[in-house]
Amino acid sequence: MNPATTFVMAAQAILRHKLRAALTALGVVIGVASVIGMVHIGQSAKESVRSQISSLGDNLLMVRPGAGPRGPGGARANAAPFELEDSAAIAAQVDGLTVAPVVNHGALVVWGNVNWPTAVTGTTVEFFEVRQWKLERGRLFEEQEVRSAAPVCVLGATVYNKLFGGGRESIGDTIRVGNVSCQVIGVLTSKQSSMGSDPDDVVVMPLRTVQRRLSGSTDVGMLYLTAPSHQPTASVKKQIEEILRERRRIKPGDDDDFSVMSMDEIAQRVEGTTDTMTALLGSIAAVSLLVGGIGIMNIMLVSVTERTREIGIRMAIGARGREVLTQFLMESIILSTLGGIIGIGLGLGGFAIAADSLGMPFVLIPEIVVFAFFFSAVVGVVFGYVPARKAARLDPMEALRHE
Amino acid sequence: MPAKTPLLTTIDLHKVYGSGDTAVHALRGVNLTLFEGEFVAVMGASGSGKSTFMSLLGALDRPSRGECWLLGIDIARLTRDQRALFRRHYLGFVFQSFNLLSRMTALENVELPLIYRGESRRVRREKAAMTLDLVGLGDRLGHTPAQLSGGQQQRVAIARALVTEPDLILADEPTGNLDSARSAEVMELLVKLQHHRKLSIVMVTHERDMAAYTHRVIWFSDGVVERDGPAAEVLK
Ligand SMILES: Nc1ncnc2c1ncn2[C@@H]1O[C@H](COP(=O)(O)OP(=O)(O)OP(=O)(O)O)[C@@H](O)[C@H]1O
Ligand SMILES: [Mg+2]
Numbered sequence: 001m002n003p004a005t006t007f008v009m010a011a012q013a014i015l016r017h018k019l020r021a022a023l024t025a026l027g028v029v030i031g032v033a034s035v036i037g038m039v040h041i042g043q044s045a046k047e048s049v050r051s052q053i054s055s056l057g058d059n060l061l062m063v064r065p066g067a068g069p070r071g072p073g074g075a076r077a078n079a080a081p082f083e084l085e086d087s088a089a090i091a092a093q094v095d096g097l098t099v100a101p102v103v104n105h106g107a108l109v110v111w112g113n114v115n116w117p118t119a120v121t122g123t124t125v126e127f128f129e130v131r132q133w134k135l136e137r138g139r140l141f142e143e144q145e146v147r148s149a150a151p152v153c154v155l156g157a158t159v160y161n162k163l164f165g166g167g168r169e170s171i172g173d174t175i176r177v178g179n180v181s182c183q184v185i186g187v188l189t190s191k192q193s194s195m196g197s198d199p200d201d202v203v204v205m206p207l208r209t210v211q212r213r214l215s216g217s218t219d220v221g222m223l224y225l226t227a228p229s230h231q232p233t234a235s236v237k238k239q240i241e242e243i244l245r246e247r248r249r250i251k252p253g254d255d256d257d258f259s260v261m262s263m264d265e266i267a268q269r270v271e272g273t274t275d276t277m278t279a280l281l282g283s284i285a286a287v288s289l290l291v292g293g294i295g296i297m298n299i300m301l302v303s304v305t306e307r308t309r310e311i312g313i314r315m316a317i318g319a320r321g322r323e324v325l326t327q328f329l330m331e332s333i334i335l336s337t338l339g340g341i342i343g344i345g346l347g348l349g350g351f352a353i354a355a356d357s358l359g360m361p362f363v364l365i366p367e368i369v370v371f372a373f374f375f376s377a378v379v380g381v382v383f384g385y386v387p388a389r390k391a392a393r394l395d396p397m398e399a400l401r402h403e
Numbered sequence: 001m002p003a004k005t006p007l008l009t010t011i012d013l014h015k016v017y018g019s020g021d022t023a024v025h026a027l028r029g030v031n032l033t034l035f036e037g038e039f040v041a042v043m044g045a046s047g048s049g050k051s052t053f054m055s056l057l058g059a060l061d062r063p064s065r066g067e068c069w070l071l072g073i074d075i076a077r078l079t080r081d082q083r084a085l086f087r088r089h090y091l092g093f094v095f096q097s098f099n100l101l102s103r104m105t106a107l108e109n110v111e112l113p114l115i116y117r118g119e120s121r122r123v124r125r126e127k128a129a130m131t132l133d134l135v136g137l138g139d140r141l142g143h144t145p146a147q148l149s150g151g152q153q154q155r156v157a158i159a160r161a162l163v164t165e166p167d168l169i170l171a172d173e174p175t176g177n178l179d180s181a182r183s184a185e186v187m188e189l190l191v192k193l194q195h196h197r198k199l200s201i202v203m204v205t206h207e208r209d210m211a212a213y214t215h216r217v218i219w220f221s222d223g224v225v226e227r228d229g230p231a232a233e234v235l236k
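Keeping their order, the protein sequence lines are chains A and B.
With the numbering used here applied, the first sequence covers 1 to 403.
With the numbering used here applied, the second sequence covers 1 to 236.
If you're looking for bench data, these hints aren't it; they were derived computationally from the structure.
Certain hints may be false.
Stated by the list, open to error - Computed far set for chain A versus chain B, every beta-carbon distance over 12 Å:
| no. | residue |
| --- | --- |
| 1 | His230 |
| 2 | Gly282 |
| 3 | Gly312 |
| 4 | Leu364 |
| 5 | Leu400 |
To be verified - Only part of the chain A face toward chain B is listed, based on derived beta-carbon distances under 7 Å:
| no. | residue |
| --- | --- |
| 6 | Arg16 |
| 7 | Ala79 |
| 8 | Ile313 |
| 9 | Ala316 |
| 10 | Ile317 |
| 11 | Arg320 |
| 12 | Pro396 |
| 13 | Met397 |
| 14 | Glu398 |
Cβ atoms here follow ideal geometry from the backbone N, Cα and C, with glycine treated the same way.
Based on the provided sequences and hints, a complete structural model is requested.
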């Protein structure tokens, strides 16, 4: 009997038992859908992090108190914050470096009867250059305003929309940030959003203003720096580390209590995390695919018992064991492959919805789709084999007598 | 009758089911010769070994001892796969309980043996439809067994046995599930087909009326042939 005939015969047998076929394939549908969905979501998350990080600029460095990602976990909590002088010292000692000290502080902003909780970034003029944040309207604050702790603020697009409803002119209006009255001098252009967090939900104010009026200390939370493009970031990083070790009086041989990270390192670290997540979710999904395979085996075994008489008739008519085997194997392969195709569709559909609602890019990974397709066929072979062999080994006389 | 050509010869055929204390000696040395074009009835008390004998002739099972020569082949020595191929190419079966596949139409049921013989779809359709026409069901091709009466179902089964033009048709109580009118119809069909196509048929039956349609009656008793001869003689 040629394969085409076997295929047609198996397909007809499936069509004669539609409900049972649907139930058999269901496990594989769910398994494949979750594998496809999970892996795509993981990859897409990685993609969006990567594009976000590269949009920050390759020569951006971040300095935080506390040990780096590989250091002991408790170190960061105990590490002393920076001071404005650290920032000045680095700027003075490393050639061509732009440094922006930053302090972050959560605050409620109020205009008229509208409230909006947001993040306030206190920083210096250099910040806008280092982060490449562009102005939509109005102006940025100036050197002199930072020094005098002027009550002025530049609004992120989201904050502007929330307070002024988009259309209204706001430049020159006075809003309240925490309990500080503060004049709006500019609005920033909207930036690419990233995985749920909104980079436009921010108010930028002069560093001293935030320190004196909001946080009430002279601490600096972190430093953003851009290395001059002709210098390798690694050597800049080394210089910064030396300066800070000296300023923070770390004995030779002791570990740093701060960390300097380049965008490369941050990207690697985040990608490492998303890879781990993808692997974890993917393996959970793979287990569900396995369960789907066992489901196939289960229902096929029941079906072989149910169809014992049919098998006996086929054998009496002249079907050999191998023809009964290939028929049942073909049935399970068709079912699991169909389940795989439907699962791929559902998985991609679910991913499209998730990507849309989480603001992630829809990145199709053809390899995983092809893999899932063939894997589901393999599931059909592996889990269909035992029931098919059981069918093939039936004794024709006993099978015919089966009620 | 023209000169007889032997079709089947059994030599000291034994069949034992199980082993030890529970062993059942179903056949205890059957020696028989059947001829081409013969219509034979196998009779005997319940448990006398009729169905066992049929399963050996039908290459569905192997004897415990003895030889069974059919078409020049000792089917007692064939492997499982070889027996399947033997059934496929040379034999046709009709069962008491029809044994049609319930989710298939009459046409599909009759096509089934041709599928295993590797016939093309077109040839299958043609032959199956023709054979169903021959058994008087030319207008019921698309009916499933549930939509057919018992007599019609058995005629589909006969068409299925006939469609491959086998050398021997084995029928175990083909009228066992039918009322007397339906039984007579089926028997008349078998006689007609047997006569026109020079078929060789071995049929098990409990009813003398049915056996009376045949040429020769073989009477089993306790696993051996007790009587064997022309129907009219044995049934007297
Ligand atoms: N598969 C089997 N296993 C064990 N014993 C069997 C088996 N098949 C038949 N027998 C026994 O072999 C003997 C002959 O059985 P068989 O079915 O050939 O009788 P039969 O003549 O066809 O009877 P009936 O007229 O009732 O159909 C019986 O005693 C039966 O119990
Ligand atoms: Mg019997």
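Verification of the supplied hints:
1. His230: Non-interface label on A/His230 holds, nearest chain B Cβ at 76 Å vs cutoff 12 Å.
2. Gly282: Its Cβ never comes within 12 Å of chain B, the nearest being 40 Å, so this holds.
3. Gly312: A/Gly312 not clear of chain B: closest Cβ-Cβ about 8 Å, inside 12 Å.
4. Leu364: A/Leu364 is indeed farther than 12 Å from all Cβ atoms of chain B, at 39 Å.
5. Leu400: Violated, because the least Cβ-Cβ distance between A/Leu400 and chain B comes to about 7 Å, which does not exceed 12 Å.
6. Arg16: 4 Å, holds
7. Ala79: 75 Å, violated
8. Ile313: Nearest chain B Cβ about 5 Å off; hint holds.
9. Ala316: Hint on A/Ala316: holds, closest Cβ of chain B at ~5 Å, below 7 Å.
10. Ile317: Where the cut-off is 7 Å and the nearest Cβ of chain B is about 5 Å from A/Ile317, the hint holds.
11. Arg320: 4 Å, holds
12. Pro396: Nearest chain B Cβ about 5 Å off; hint holds.
13. Met397: This interface hint holds because 5 Å falls under the 7 Å limit.
14. Glu398: It is violated, given that the least Cβ distance between A/Glu398 and chain B is near 10 Å, above 7 Å.
Hints 3, 5, 7 and 14 from the list above are not met by this structure, while the remaining hints are.
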